[in-house]
Amino acid sequence: MTAVLTRPTSDVAEPESPRRRATGRTVSGILIVATVVAYLVFHTTAAADAPDAAAFRFLGDVRDWVDANRDTHPVFLYGVNYLRLGVRLLVDVVRAALAGLGLAGLVAIAGAIAFVLGGWRTALLAVAGLLGFGLLGLWPESVDTLALTLTAVLLSVLIGVPLGILAARVRWVGAALRPLLDVMQILPTFAYLAPMTLLFLIGSPAAVVATLIYAVPVTIRITELGIAGVAPSAVEAATALGSTRRQLLTKVRLPMARPTLVLAVNQTIMMALSMVVVTALIDAPGLGVNILRALERVNVGAAFDAGLAIVIMAIVLDRVTTAAARRRRRDWRIAVPVLAAAAVIAVLPIPDGLPRISFAKPVNDLTSWVELHWYDSTEGLKNTISTVLLNPLENLLVTTPWWLFTLAVLGFGLLVAGWRAALIAGAAAAGLSALGLYQHSMQTLATVLVATALTMLLGIAAGVLSARHDRLAAITRPVLDAAQTMPSFVYLLPAVALFGASRFTAIVAAVIYAVPPVVRLVERGIRDVPATVVEAALSAGSTPRQLLWKVQLPMARGGLLLAANQGIVMVLAMVVVGGLVGAGALGYDVVAGFSQREDFGRGLAAGLAIVLLGVLLDRLTQGFHRAKGPS
Amino acid sequence: MKNRQLSIAMVVTLLLAGCGGAKSDAGDNKPSAGSKGTVKLAINPWVGYEANADVLAYLLEHQLGYTVEKKNLKEEISWQGFETGEVDAIVENWGHDDLKKTYIEEKKVAVEAGPTGNTGVIGWYVPQWLADEHPDITDWNNLNKYADLFKTSESGGKGQLLDGDPSYVTNDEALVGNLKLNYKVVYSGSEAALIKAAQQATAQKKPLLFYFYEPQWLFAKEKYARVKLPAYSAGCDADPKKVACDYPDYKLDKIVSKKFADTGGAAYGLIKNFTWTNDDQNLVSDYLTNQGMSADQAAEKWVKEHESTWKPWIPAGS
Amino acid sequence: MTPTIAVRQLWKVFGPRPERVVGTPLADLSRAELRARTGCLAAVRDVSFEVARNEVFVVMGLSGSGKSTLVRCLTRLIEPTSGEIEIDGEAVREMSAKRLRELRRHRVAMVFQHFGLLPHRSVLDNAGYGLEIQGVGRAERRRRAAEVLELVGLTGHEQQLPEELSGGMQQRVGLARALATDPAVLLFDEPFSALDPLIRRDMQAEVRRLHAEVGKTLVFITHDLAEALTLGDRIAVLRDGELVQVGTPEELVGAPADGYVADFVRDVPRADVLTVRWIMRPAVDGEECEDTPLPSGTVIRDAVARVLRAERPIAVVDGGERVGVVDAEQLLPALLGHRRQVPA
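Chains as they are written, first to last, in the UniProt record's numbering: chain A, 1 to 631; chain B, 1 to 318; chain C, 1 to 344.
Hints may contain errors.
As the list claims (entries may be wrong) - To list a few chain A residues with every Cβ distance to chain C over 10 Å, as calculated: (1) Y192; (2) A238; (3) L241; (4) K251; (5) M256.
Unchecked claim - With a cut-off of at most 20 Å between alpha-carbon atoms, the simulated SDA-like pairs for lysine to any residue come out as follows: (6) A:K251 x C:G247; (7) B:K108 x A:R57; (8) A:K251 x C:L77; (9) A:K361 x B:K196; (10) B:K241 x A:R57; (11) B:K107 x A:V66; (12) B:K206 x B:K101; (13) B:K158 x A:V370; (14) B:K100 x A:W65; (15) B:K196 x A:N69; (16) B:K151 x A:P392; (17) A:K251 x C:P295; (18) B:K196 x A:R258; (19) B:K101 x A:L396; (20) B:K101 x A:Q546; (21) B:K70 x B:R226; (22) B:K158 x A:L396; (23) B:K100 x A:V370; (24) B:K241 x A:R471; (25) B:K242 x A:R57; (26) B:K40 x A:S377; (27) B:K205 x A:D67; (28) B:K158 x A:P392; (29) B:K151 x A:Y375; (30) A:K361 x B:D136; (31) B:K100 x A:W374; (32) B:K196 x A:E598; (33) B:K151 x A:T384.
To be verified - Beyond 10 Å from chain A on every Cβ pair, some chain B residues (computed): (34) P45; (35) I77; (36) D165; (37) Y187; (38) A197; (39) D249; (40) K301.
In case anyone wonders, no lab produced these hints; they're calculated from the structure. Positions of the beta carbon are idealized from the N, C-alpha and C atoms, including for glycine.
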């Protein structure tokens, strides 16, 4: 369902010669030794970050300035505030329309649209799904979430599609947008909630804008891909017949890119949905509120119901848009009456009464049972991982002086990712300490690294298994689909219930969150190994184990490295959300930043630090993927 | 229908605002909770607050005929809500003199609406059994001696002081530093996580030092001992970075938006008049947390049984 | 009469600052040298030719010879670097964007190797695309699209999508689309090279038939010599962007301009292409001939039976005038040996 979106990684380095590889090995050996020696000589005592670094004070002052000028400065009077009003108006109109239809009306309309776009199966799914919201007793919340999502998607499409077209058609626009989109796509959701509230205050407008920022890169990227992918022969033929530029766009490029454009909308919806839920933190209404409350009360059952509603919404929206992408003839002789009937139902006043079902109680019972009976093993697991892996690593990182860390990042970056990526990563590393958050960044980094290691271990194992067993793959696919539609912080709950407030909780949540895409990428990587190669290896007498280790895994290396890149970015996003449940460090700073006035500057700085950390990790792993991936 | 009217109102506002630019409260010009309108209550993330809010919401809806919108917001964000019109009232406020200065004195978007009658206490606690085993543990001077007891996977070799939601009123990081305690503050993230840890500490006999507060239903169920910190004196917590004294007792109060105070009518009257005891609040909290009641059920039960308490809150003539 | 298409000293250079090449010593470099020296690729070098009304003009060359670039320069799908192009006496390179669009819409249409059909439109709407963008009303354009579809034998397929058709049928749609605007000139860019051999032959026959029926000026690009010989009134051979030879099929086969062309035509059965003019000898004074002479334009293969059966040489006449005679002696080498010596 949710296609894993990778940023384009087209430029591939020349294959290395054996000699270069050998020198590479020597250089990395020297680098490691040098780093170790430098660490031994220079390591510090890990003094805590200063409570008010210059950066915090500066950002705090920015906040004060904005607060003081919100109603006087022209930028706000004529810009930001209008934006906020406009967005709010849009949200209210969409919500009023959806709520005005009522349960029966919306079910009928959605069913009819699904029928026209995708046939009766899709329609059935849509009807059942929407009724599900009512059955779960989450109808108003679902409508709120749907309204926010649709508004954000509408804006994303209105902004993203033209930009995507421009990026595909005008070279400098594309070149200018690319690095910007790169950064936007690795921004963890958490990092820009605070700036949003600063500009747009709390509430739906801020939520929609945050969601827009989160989702629009996908819209732009896929649109660009779609437009750039239109067969040049068709464009040339249409030009040769005397089409104007506008005719080329409206009659050739856009219609031919339609399936891709629908995919863009589909992916935008998925992204928006997961972000809208998170914006409950800044007073956006909807299902996110239920999940946030459940999190505050450690009520896994309540979160389960709300999480289920979100998954249902994701599946319905996904199936309907996917169906729309398929090019098929629509029989308007059936479609028109169906739509008309739905419209009639929508107008009729039908009460919303539905029986209630809730999974809260059984889920809570199960959770308490697990908490009670598994206490020793969960506690043991947490303590083992913490003392054996997490603490030593964290200790190592926090006692490394910042300049040594920066140098090491630069050095290894040069080695694995090329000078450009190394410079960016090195600058990001130096930026962490410039923000005055070096210690917290290192703590977060330690957690991220441990979580990534676990994610890769599990992801590769599961990916290899499902690549080798078709039946297993058929079973896991829908599970992975559902898992990928869940907004990140839903995963905090089971983790909190089992492991209490700790960094390990964040690790568990991050692993659950990041494993599905890793499994997918690994599986695809292995399955993409050409059948002829596998056949050749088998006919040479390889055992299945040899086939895996000597043929499939080495050949799938590109996929594995890409999986590592994706995995690490997702893990970072989740680990910082873990600040909500005791994971501390940068995530905590962010949470504290938008809940405590005097911490605002620090929170904003922490948001920036998260971005820098993301850029650092992404550049290094993506550079690695590019430099070493097969062409 | 309401939404549609709202939308039309907003279009008009947008047009009107066209010449003078838009202020941050533009679009909210409908009278706040005027003729039996909507009251927007902030819900801060602890159950005691919810108890206040639930009972008030119940009375607003069933006695006065208002619609109530509950908004789950952290404390500071609720205050921002006064400015944007997202929030009409905060019904259990813990101090926050800095926010009062900003929003009441400077921005003039909020006003005080009297005490809730509850007295808030914030402090550090240990399970009673631990205090029984080590009677001197309840003096902060001895805490370093016991730091090892409180070590966890999260505290990095030091003792752990478990705090709650990062949005809560707390000086703990500064206290630990200024009192030179060999402890690390770890945030559990929520009241529920805090309570869960406390319950486990009692049930499994695990040492735990934690930030906690009253009114709180848990104290009616289990015994916890408060750790004595250097005594509070007026102004000793003026500089948040130099705090080295205990928390004061808070006279919990209510804050409402200026607009609501001016145009809120009976709803404002009710909220202003609202005052009850810690026991009242703990009772409703217990209904909510341990009796599995919904907000409405809990409030209804309390309202049925305590008519004499709430009758005087209802403003005359409504 | 002005030629329908006239091309003079046309250059197309790809690469950085292409304008510095033409008219400088750089222009004299070979393609490879130019590339090494400047990074520029001269796809079309100093090409000149004329195409008469209703002529079928074939441009033939191997891949990379610049033939596709050349044909795209004619309507400035690719902007030429220098030179002149005239269509019906009007300078194409001077045309404004609007005028150029008019040219493409009404006077010159093109058929492409990879069809370039719009996959989201029905066959009928594909055929009517050119009319649609001119603003022709829906009913009218559907009527005309249906007409041209009938002309190319696609009646009954109007409502199908292109992907539902075979390659040959898709190219018929491409052909119909080009014909729908009733242009005076049709440009074909290797239209049949993506098709199976049998279908290719059908399509070639189709083009001949259409040419006979509707009488357009055709410029036809191909890398297939047999196709060039079958269709072309005249053939231009392009090599590394330069014209090597322009002539009728028999001129190419009978008198290749250089070794390159000769190599090209080496395997052509000469008896199928050459006329008796190429093998006749001057009549010896007082020589007795058969009663009926052969017209000089008779292809050798068609003359074989008569010449071999004849007891005396046969006179070859051009109009009424006798220009030579043939007998079996001249015939046999033409029938047996494809490998004629290249003239020095």
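Problem - Ascending list of hint numbers which this structure does not respect - result: Numbers 2, 3, 4, 5, 6, 7, 12, 13, 15, 17, 18, 19, 20, 21, 23, 24, 26, 27, 30, 31, 32, 34, 35, 36, 37, 38 - these are the hints that the structure violates, sorted from lowest upward.
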